[in-house]
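*Asks:* The lines below spell out each chain.
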Amino acid sequence: MGKGEGKKITTSELQRELIGNYYLEAKEAHQLQKRVAWVTAAFPVEVCYAMDIIPIYPENHAAVIGARRMGQTIIEIAQEAGYSQDLCSYALCDFGSIFSGQSPIGGLPSPDILLCCNNQCGTVTKWYEVLRRHFKVPLVVLDAPFIARDLNHNILNYFKEQLEELISALEALTGKSLDRDRLKEVLEISNETSNLWRQYLEMGTHIPSPITCFDGFIHMAPIVTLRGTLKARDYYQLLITETKEKLAKRLSAVSEEKYRLFWDNLPIWFQLRGLAEKFARHHANIVGASYTSLWAYSFDASEPMETLAWNYCDVLINRGIKDRATFAIQMLEKYAAHGLVMHSNRSCKPYSFGQYTIKKIVQEQVGKPSLVLEADICDPRFYQEEQIDEAIDSFFDTLTATHN
Amino acid sequence: MMDGTEKILDTFAASVRDPFNRLKEYKARVGKKAIGYFLTDFPEELIHAASMIPIAVLGNNENISLADAYFQNFACSLVRSTLESKLNHTLDILDGMVIPHICDTTQCLASIWKIAFPGGYFDELVFPKKRHTPSARTYLLNELSRFKKGLEEYAGVKITDESLWDSIRLYNNHRELLRKLYAFKRDHPQALHEREFFTIIRASMLMAKEEHSQLLSQMMTGLAERTTKPEKKVRLVVSGMVCEPLQVLDLIDELGGAIVNDDLCTGSRYFLEDIELNHNPLEAIVDRQLKKNPFPGYHIVSDEAGDSLLDMVEKTDAHGVIFLHLKFCEVHNFDYPDLKKRLEERKIPHLLLETELQMTSLEQLRTRLQAFIEILGRR
Numbered sequence: 001m002g003k004g005e006g007k008k009i010t011t012s013e014l015q016r017e018l019i020g021n022y023y024l025e026a027k028e029a030h031q032l033q034k035r036v037a038w039v040t041a042a043f044p045v046e047v048c049y050a051m052d053i054i055p056i057y058p059e060n061h062a063a064v065i066g067a068r069r070m071g072q073t074i075i076e077i078a079q080e081a082g083y084s085q086d087l088c089s090y091a092l093c094d095f096g097s098i099f100s101g102q103s104p105i106g107g108l109p110s111p112d113i114l115l116c117c118n119n120q121c122g123t124v125t126k127w128y129e130v131l132r133r134h135f136k137v138p139l140v141v142l143d144a145p146f147i148a149r150d151l152n153h154n155i156l157n158y159f160k161e162q163l164e165e166l167i168s169a170l171e172a173l174t175g176k177s178l179d180r181d182r183l184k185e186v187l188e189i190s191n192e193t194s195n196l197w198r199q200y201l202e203m204g205t206h207i208p209s210p211i212t213c214f215d216g217f218i219h220m221a222p223i224v225t226l227r228g229t230l231k232a233r234d235y236y237q238l239l240i241t242e243t244k245e246k247l248a249k250r251l252s253a254v255s256e257e258k259y260r261l262f263w264d265n266l267p268i269w270f271q272l273r274g275l276a277e278k279f280a281r282h283h284a285n286i287v288g289a290s291y292t293s294l295w296a297y298s299f300d301a302s303e304p305m306e307t308l309a310w311n312y313c314d315v316l317i318n319r320g321i322k323d324r325a326t327f328a329i330q331m332l333e334k335y336a337a338h339g340l341v342m343h344s345n346r347s348c349k350p351y352s353f354g355q356y357t358i359k360k361i362v363q364e365q366v367g368k369p370s371l372v373l374e375a376d377i378c379d380p381r382f383y384q385e386e387q388i389d390e391a392i393d394s395f396f397d398t399l400t401a402t403h404n
Numbered sequence: 001m002m003d004g005t006e007k008i009l010d011t012f013a014a015s016v017r018d019p020f021n022r023l024k025e026y027k028a029r030v031g032k033k034a035i036g037y038f039l040t041d042f043p044e045e046l047i048h049a050a051s052m053i054p055i056a057v058l059g060n061n062e063n064i065s066l067a068d069a070y071f072q073n074f075a076c077s078l079v080r081s082t083l084e085s086k087l088n089h090t091l092d093i094l095d096g097m098v099i100p101h102i103c104d105t106t107q108c109l110a111s112i113w114k115i116a117f118p119g120g121y122f123d124e125l126v127f128p129k130k131r132h133t134p135s136a137r138t139y140l141l142n143e144l145s146r147f148k149k150g151l152e153e154y155a156g157v158k159i160t161d162e163s164l165w166d167s168i169r170l171y172n173n174h175r176e177l178l179r180k181l182y183a184f185k186r187d188h189p190q191a192l193h194e195r196e197f198f199t200i201i202r203a204s205m206l207m208a209k210e211e212h213s214q215l216l217s218q219m220m221t222g223l224a225e226r227t228t229k230p231e232k233k234v235r236l237v238v239s240g241m242v243c244e245p246l247q248v249l250d251l252i253d254e255l256g257g258a259i260v261n262d263d264l265c266t267g268s269r270y271f272l273e274d275i276e277l278n279h280n281p282l283e284a285i286v287d288r289q290l291k292k293n294p295f296p297g298y299h300i301v302s303d304e305a306g307d308s309l310l311d312m313v314e315k316t317d318a319h320g321v322i323f324l325h326l327k328f329c330e331v332h333n334f335d336y337p338d339l340k341k342r343l344e345e346r347k348i349p350h351l352l353l354e355t356e357l358q359m360t361s362l363e364q365l366r367t368r369l370q371a372f373i374e375i376l377g378r379r
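Protein sequence lines correspond, in order, to chains A and B.
Taking my numbering, I'd label the letters of the first sequence as residues 1 to 404.
Taking my numbering, I'd label the letters of the second sequence as residues 1 to 379.
Hints listed in this document are in silico derivations from the structure and should not be mistaken for laboratory results.
Keep in mind that this is a model prediction, so the values were computed, not measured.
Misleading hints may appear alongside valid ones.
Pair ranges (Cβ atoms, derived) [unchecked claim]: (1) Glu162(B) with Thr326(A): 42 to 52 Å; (2) His89(B) with Ser110(A): 51 to 61 Å; (3) Arg379(B) with Arg16(A): 36 to 46 Å; (4) Asp18(B) with Glu364(A): 33 to 43 Å; (5) Asn73(B) with Gln330(A): 25 to 35 Å; (6) Ser110(A) with Glu162(B): 52 to 62 Å; (7) Ser293(A) with Asn280(B): 35 to 45 Å; (8) Arg281(A) with Ser308(B): 35 to 45 Å.
Note that the Cβ used here is the ideal one computed from N, Cα and C, for glycine as well.
For reference, chain A alone in the conformation it holds in the complex (with noise of 0.2 Å):
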């Protein structure tokens, strides 16, 4: 789509501009003397865009390949190379796609080297280390240890040596030194990006609310890849424009918006506007994640290493089952929601146990009821719809008695 004069772009066409050009660019990273990185998704990034590194998300693409409903076939071909079912199936998607060259975006440029930070899973570390062999490039490991109490010196230390292992090996990388006031910069961006996308997200907090969980979960890409650029950060004030022009016209993203509800855990990608539906039909909107709020940052530019540790240890689901209880809690106040709908997924196993306990903590302590959904991101070989509708539809029956 172009940028013809008086025409005013939407959020949707900039998406497929912004993401199609970084793809382009880390195609040609290596024509334009760049280096590309494989990431994880909440990996501190800022430090690659400081040094002029390309970072690429297996996981960003596994969730297109999900949402594409390409999943199934992918994660088959790492099945007959002796990868389980079991596995996350975002590492089964990347594994797959990388073995077959099957992708919906052409498959991602290779890496020259490997950056995981296990502050949202140990499952990334494996996922990672079969990388490394496949590919024979290093790998940087960032070690975030699980806050089992709290977030002490112990554990910051620990990170911001590693933190400091990890520029070294970007230096022998690039051959360039890291230019800390660019690192400043690059940390403002990308404060002042995770504030937008977290004004975003507290836009569902109206009633009604213009936007739901699933419009989370597609306005993500940026975020989560070009965090740290002017881009995202476009992309944020537009869509926050584009947000508020909803909210002055009073519209909703759900018709006749009855039950507000909040999402836990990842989305299930090939499901995402049949879920949508569902619960529409139900007047129900899911107005905001905790998912999406993963990447709500809070940088202080001033003092990098001390704000990158705190922030990129201090994940949600870094923390144990308590904290994340009480985050839920705090989130159906804050959203005026009825009650919580938990994704229990197969592939993200630190996320998805505990939501038992969870669901029984914020029912004894705020009286509001959960619903469990057993599915998983990309593998639909694991969604039966029917149980799925039926627990919905039961789930909306208590909500109903409670309510009339």
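With the hints as your guide, set chain B onto chain A.
*Replies:* Frame of chain A; chain B shown alone:
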């Protein structure tokens, strides 16, 4: 009066069958508290030096029902069974529990445990996932110092360097005994049934070290009598987390196999590495943990997992490898295809068996093991 080999083996088997009943008697006799721990790499020496009894909590083969209220069915059966035994009061005799985070599932188990069972002594050890950097070593040292302080407060005992060295020596001696036993078993595969051997190891995690060491050394002198009737066995390496269910061992025996090496947490991983007696005891514990063979729950650098597997095979002249994986154990599932490739490059036959603690039918396992061992026997 010295007990004979058979009687000692019976004692070990009884402890494996019903560890907590036995512990109850022992506790009453010695007047000490008992602290349970989950696998693996748990620094038992610290509990021992605080004048308490460390006891492994290994799950069991009983059905799981109560734990279903906490864990989805895609959590491994070891974790679900461990929680089940807490919920159904099997673990009531324990005064406390420690769970090291060795994977995402154990991390969640610890988190659930704290909420479901408030009060009493509980700790969780957040190990570093890296093993080769100075920053990981410093982190682990601080984490173990914190753990040590908590233990001292709970036990009301100061863990001195001297008491810790004493415990380390006791444990090192015990580990040496187990290594000797393994060496004996390798040379005389007909002298010990697989089930007997792994029962001895398992019992060593479930009994006080003083008692187990004494019984074990007594037993080993009598073992030589069993070295008659030489028999050709197919030499196997077993790789995985735990050997479950134990009937797998009976099958291996029955079908003419002998396990000559393994990297199991309820096997070699428990006793392979000693703690060096050369500097500060807590640092010595840390160094031991960091130099151990690579458990896949940690970050594996370079090709050390494959190297270590090939090394196990070559050192013991094994005919083949059995990957004995717990269903849903992600860390093993991720490593498996590349390990398989390494073995195939060297033309080392291998078999993958996926099991759960609550496995009801062994027929499929038998069929697959039989075919595998038969083929190896013909080579």
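*Asks:* Work down the list of hints and note, for each, if the structure agrees.
*Replies:* We went through each hint and held it up to the structure:
{"no.": "1", "hint": "Glu162(B) with Thr326(A): 42 to 52 Å", "in the structure": "44 Å, holds"}
{"no.": "2", "hint": "His89(B) with Ser110(A): 51 to 61 Å", "in the structure": "55 Å, holds"}
{"no.": "3", "hint": "Arg379(B) with Arg16(A): 36 to 46 Å", "in the structure": "59 Å, violated"}
{"no.": "4", "hint": "Asp18(B) with Glu364(A): 33 to 43 Å", "in the structure": "36 Å, holds"}
{"no.": "5", "hint": "Asn73(B) with Gln330(A): 25 to 35 Å", "in the structure": "30 Å, holds"}
{"no.": "6", "hint": "Ser110(A) with Glu162(B): 52 to 62 Å", "in the structure": "56 Å, holds"}
{"no.": "7", "hint": "Ser293(A) with Asn280(B): 35 to 45 Å", "in the structure": "44 Å, holds"}
{"no.": "8", "hint": "Arg281(A) with Ser308(B): 35 to 45 Å", "in the structure": "56 Å, violated"}
Violated hints, in rising order: 3, 8; the structure is consistent with all others.
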